[in-house]
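Participant: These protein sequence lines map, in sequence, to chains A and B.
Just so you know, we're using this note's numbering here: the first sequence kicks off at 28 and counts up by one.
Just so you know, we're using this note's numbering here: the second sequence kicks off at 28 and counts up by one.
Keep in mind that the hints are not guaranteed to be accurate.
If chains are identical, the list can't say which one is meant, so a pair holds when it fits in one copy or spans any two.
[What the hints assert, rightly or not] For lysine-lysine, the following DSSO-like pairs were computed, each having C-alpha atoms within a straight-line distance of at most 27 Å: (1) K401 <-> K65; (2) K98 <-> K74; (3) K98 <-> K356; (4) K354 <-> K98; (5) K65 <-> K354; (6) K127 <-> K183; (7) K324 <-> K354; (8) K130 <-> K401; (9) K354 <-> K105; (10) K65 <-> K356; (11) K105 <-> K324; (12) K235 <-> K381; (13) K324 <-> K98; (14) K354 <-> K127; (15) K381 <-> K401; (16) K105 <-> K356; (17) K197 <-> K30; (18) K127 <-> K356; (19) K30 <-> K235; (20) K183 <-> K197; (21) K127 <-> K105.
By construction, these hints were calculated from the structure, which means they are not laboratory data.
As the structure is a computational prediction, the values presented were derived from the model and not from experiment.
Protein chains: 2
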Amino acid sequence: MFKILHTNGRARRGEFTTVHGTVQTPVFMNVGTAAAIKGAVSAEDLKALGCQIELSNTYHLHLRPGDELIKDLGGLHKFMNWDRPILTDSGGFQVFSLAKLRKITEDGVSFNSHIDGRRVFMGPEESMRIQSNFGSTIAMAFDECVKIPSPYDYVKSSCDRTYRWLERCKAEMTRLNSFDGTINKNQLLFGINQGATFVDIRIDHMKKIAALDLPGYAIGGLAVGETHEEMYHVLDEVVPYAPDDRPRYLMGVGTPSNIIEGVARGIDFFDCVMPTRNARHGFIFTRHGTINMMNQKYERDLRPLDEECGCPTCRNYSRAYIRHLFKAKEMLAMRLSVMHNLYFYNELAARIRKAIEEDRFEEFRAENSEKLMKRL
Amino acid sequence: MFKILHTNGRARRGEFTTVHGTVQTPVFMNVGTAAAIKGAVSAEDLKALGCQIELSNTYHLHLRPGDELIKDLGGLHKFMNWDRPILTDSGGFQVFSLAKLRKITEDGVSFNSHIDGRRVFMGPEESMRIQSNFGSTIAMAFDECVKIPSPYDYVKSSCDRTYRWLERCKAEMTRLNSFDGTINKNQLLFGINQGATFVDIRIDHMKKIAALDLPGYAIGGLAVGETHEEMYHVLDEVVPYAPDDRPRYLMGVGTPSNIIEGVARGIDFFDCVMPTRNARHGFIFTRHGTINMMNQKYERDLRPLDEECGCPTCRNYSRAYIRHLFKAKEMLAMRLSVMHNLYFYNELAARIRKAIEEDRFEEFRAENSEKLMKRL
Numbered sequence: 028m029f030k031i032l033h034t035n036g037r038a039r040r041g042e043f044t045t046v047h048g049t050v051q052t053p054v055f056m057n058v059g060t061a062a063a064i065k066g067a068v069s070a071e072d073l074k075a076l077g078c079q080i081e082l083s084n085t086y087h088l089h090l091r092p093g094d095e096l097i098k099d100l101g102g103l104h105k106f107m108n109w110d111r112p113i114l115t116d117s118g119g120f121q122v123f124s125l126a127k128l129r130k131i132t133e134d135g136v137s138f139n140s141h142i143d144g145r146r147v148f149m150g151p152e153e154s155m156r157i158q159s160n161f162g163s164t165i166a167m168a169f170d171e172c173v174k175i176p177s178p179y180d181y182v183k184s185s186c187d188r189t190y191r192w193l194e195r196c197k198a199e200m201t202r203l204n205s206f207d208g209t210i211n212k213n214q215l216l217f218g219i220n221q222g223a224t225f226v227d228i229r230i231d232h233m234k235k236i237a238a239l240d241l242p243g244y245a246i247g248g249l250a251v252g253e254t255h256e257e258m259y260h261v262l263d264e265v266v267p268y269a270p271d272d273r274p275r276y277l278m279g280v281g282t283p284s285n286i287i288e289g290v291a292r293g294i295d296f297f298d299c300v301m302p303t304r305n306a307r308h309g310f311i312f313t314r315h316g317t318i319n320m321m322n323q324k325y326e327r328d329l330r331p332l333d334e335e336c337g338c339p340t341c342r343n344y345s346r347a348y349i350r351h352l353f354k355a356k357e358m359l360a361m362r363l364s365v366m367h368n369l370y371f372y373n374e375l376a377a378r379i380r381k382a383i384e385e386d387r388f389e390e391f392r393a394e395n396s397e398k399l400m401k402r403l
Numbered sequence: 028m029f030k031i032l033h034t035n036g037r038a039r040r041g042e043f044t045t046v047h048g049t050v051q052t053p054v055f056m057n058v059g060t061a062a063a064i065k066g067a068v069s070a071e072d073l074k075a076l077g078c079q080i081e082l083s084n085t086y087h088l089h090l091r092p093g094d095e096l097i098k099d100l101g102g103l104h105k106f107m108n109w110d111r112p113i114l115t116d117s118g119g120f121q122v123f124s125l126a127k128l129r130k131i132t133e134d135g136v137s138f139n140s141h142i143d144g145r146r147v148f149m150g151p152e153e154s155m156r157i158q159s160n161f162g163s164t165i166a167m168a169f170d171e172c173v174k175i176p177s178p179y180d181y182v183k184s185s186c187d188r189t190y191r192w193l194e195r196c197k198a199e200m201t202r203l204n205s206f207d208g209t210i211n212k213n214q215l216l217f218g219i220n221q222g223a224t225f226v227d228i229r230i231d232h233m234k235k236i237a238a239l240d241l242p243g244y245a246i247g248g249l250a251v252g253e254t255h256e257e258m259y260h261v262l263d264e265v266v267p268y269a270p271d272d273r274p275r276y277l278m279g280v281g282t283p284s285n286i287i288e289g290v291a292r293g294i295d296f297f298d299c300v301m302p303t304r305n306a307r308h309g310f311i312f313t314r315h316g317t318i319n320m321m322n323q324k325y326e327r328d329l330r331p332l333d334e335e336c337g338c339p340t341c342r343n344y345s346r347a348y349i350r351h352l353f354k355a356k357e358m359l360a361m362r363l364s365v366m367h368n369l370y371f372y373n374e375l376a377a378r379i380r381k382a383i384e385e386d387r388f389e390e391f392r393a394e395n396s397e398k399l400m401k402r403l
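One chain only, chain A, in its complex shape (with noise of 0.2 Å):
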């Protein structure tokens, strides 16, 4: 199901092979929270993007229209009316970040909704259920994002307990995958490594959850607070405990700085909301690094956001025109902008894939990593 076809330094080009298509990796997955992508862009303008994955969050979609609904018109798929693959999140993110008044047990998480108030209880069996509902492509484990900085005694035992939820999330799936009315019988469970910043931590429940043989691997509860550095330090020490022959996804990460060091690191998967909440806010991304459309001195500037860009909106439209229908305050801007960070990200993918292939990530990496950051 997962194909490494080359590798340099750590970094791999792999393929994931699923019901709904195939997936080049390195890969960027474009958020659709709500079964839709921010700044009113939609599938078709998605494919026009080059998106080869779209992720969408249980935890939105389990309040609100509610997965019964999704299962009952046929499933996420048929709802947003996109036939690529698909990820589900847990809902285990949200519920922790998002959720009030939230009580944890070893059952799972009671939470009132951020919408309407009203008491919710999710476990790793509702997780999976409601994934299962969705039909999702790939359902992603209901485990415990911990706040980072915890203390280590919390983390140990959170692990821990994400680890029995884990094996809990493995049987119920497998459990709905063999049913005649489930709507993608392939569904497929990845598990999550936490653990904080605490390595030992991290390797030890990396070990255990590799055991499972689960069809893909991410690493959880990262770029939550702790500095760059921190981030890839764990992901030195914890990528190699994970399989070798599964996909790595790093969940949440992140600017392009950090998704070219992860894939230095090993990592295959990738998403974030900063392409789609920027450009929402005027910062653009552009091959010599960021800029801020407020900014009086695109007034007059005829180029596009990026002048090697070939995105819908590079091609059509100038920086004049974008700033003034930020300062008009036109919906306009907001989605030409955000068509163009998603297809910043997406090319971005493609073009860190072609340069492992072609054995020079190193130099990609040299040559980028610091320099797509740069404000101009």
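Using the hints provided, position chain B relative to the given structure of chain A.
Facilitator: Coordinates of chain B only, in the frame set by chain A:
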């Protein structure tokens, strides 16, 4: 320039040729107030929606980003990446509806900008210079749009002044079109008939402006508070005095029914923010009447917005999905709905044109004029 291909009763099937292409009439003009369609609809989207001609607002663009900036950047067509005809209004309507503390003299109008409060003066010459800076295909005359109701004597003297302003507009437009640096030296000036609901003032004014031999004539100052019956009565009485061989434009109108009734009275051009504004609030036009996507009954409705519609939204998305997007406050809800409503209006004009060509416009009118307004 304007060629009538066929008539059916008072309804006219025409063709208006400009330097930016030919417009098939009757036509609905899609409103892009600040050089963009509301709802994140791009110029590329507009072409897929069958839009022949876009309308932009002089008042808004003069205040932000400024007409001189647009001229320096190559004109409005280049600025917003639209190569088909553009009509710009004169600013008069917004000066009289949006601006604060206005003061009218024979010269023109002083007012405070609704954006930053700064004092601005606009008269016939200023309006022509601004529109010449845009390089729009069709410029509208600078007029006073009088409130309904207004006293007879005020309306009469206002119309006399609007006539004198039109003479100044014509002279200034002729002068501007003769300059080498002018962006569109073939810019066309349309006159505007005023007179509130006083038919004798309307007719007198129309006769006088018709004598100025302009390339087109608009009926302005309607749909601003009077009943539909009063509006239709004015059209019944006044349109016969507009030159037969020039296009007639009913400004700011209206509902699908208003458009059909306008065509029945000899109108060729229409524009209205209704399709975009309604769409952004979930009000959708269909061939069987209007629907409100906030209604719970669409929660599990897998049908497209309009089962007989061929728009990009209806080809790809269900009512259930679009309702979810509105509930989740996703911008994509607005975009998909605006695209549908604009397609509906452009398609309505196409259906009207076909009905006239086939000598069955009265049948089309009887079948649709009320039905399209029915709340389903």
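Participant: Give a verdict on every hint.
Facilitator: Okay, the hints, checked on the actual structure:
In this assembly of identical chains, K401 and K65 lie within 27 Å of each other by CA distance solely inside one copy; the values are 25 Å within and 33 Å between copies. In this assembly of identical chains, K98 and K74 lie within 27 Å of each other by CA distance solely inside one copy; the values are 24 Å within and 35 Å between copies. In this homomeric assembly, K98 and K356 come within 27 Å of each other (Cα to Cα) only across copies, at 22 Å, whereas the closest approach inside a single copy is 37 Å. Taking CA atoms no more than 27 Å apart as the test, K354 paired with K98 passes between copies only; the shortest distance there is 18 Å, against 41 Å inside one copy.
Taking CA atoms no more than 27 Å apart as the test, K65 paired with K354 passes in both settings, with 19 Å inside one copy and 14 Å between copies. Within a single copy, K127 and K183 get their C-alpha atoms as close as 24 Å, which meets the 27 Å cut-off; across copies the closest is 66 Å, which misses it. In the homo-oligomer, the alpha carbons of K324 and K354 lie at most 27 Å apart inside one protomer (13 Å), although the nearest pairing across protomers, at 38 Å, exceeds that limit. In this assembly of identical chains, K130 and K401 lie within 27 Å of each other by CA distance neither inside one copy nor across copies; the values are 42 Å within and 51 Å between.
Taking the shortest alpha-carbon separations for K354 and K105, only the inter-copy value of 19 Å comes in at or below 27 Å, while the best intra-copy value is 37 Å. With identical chains, the CA atoms of K65 and K356 are at most 27 Å apart both within one copy (16 Å) and between copies (10 Å). Taking identical chains as interchangeable, the C-alpha atoms of K105 and K324 lie at most 27 Å apart only when they sit on different chains, with a minimum of 20 Å there against 44 Å within one chain. When the C-alpha separation of K235 and K381 is checked against a cutoff of 27 Å, the pair qualifies neither within a copy, at 34 Å, nor between copies, at 71 Å.
For the identical chains of this complex, K324 and K98 are inter-copy neighbours only, at 18 Å across copies versus 50 Å inside a copy, given an alpha-carbon limit of 27 Å. With identical chains, the CA atoms of K354 and K127 are at most 27 Å apart between copies only, with a shortest distance of 21 Å across copies and 36 Å within one. When the C-alpha separation of K381 and K401 is checked against a cutoff of 27 Å, the pair qualifies only within one copy, where the shortest distance is 23 Å, while the shortest distance between copies is 57 Å. In the homo-oligomer, the alpha carbons of K105 and K356 lie at most 27 Å apart only across protomers (20 Å), although the nearest pairing inside one protomer, at 33 Å, exceeds that limit.
In this homomeric assembly, K197 and K30 come within 27 Å of each other (Cα to Cα) only inside a single copy, at 23 Å, whereas the closest approach across copies is 72 Å. When the C-alpha separation of K127 and K356 is checked against a cutoff of 27 Å, the pair qualifies only between copies, where the shortest distance is 21 Å, while the shortest distance within a copy is 33 Å. In this homomeric assembly, K30 and K235 come within 27 Å of each other (Cα to Cα) only inside a single copy, at 23 Å, whereas the closest approach across copies is 80 Å. Within a single copy, K183 and K197 get their C-alpha atoms as close as 21 Å, which meets the 27 Å cut-off; across copies the closest is 82 Å, which misses it.
Within a single copy, K127 and K105 get their C-alpha atoms no closer than 32 Å, and across copies no closer than 50 Å, so neither meets the 27 Å cut-off.
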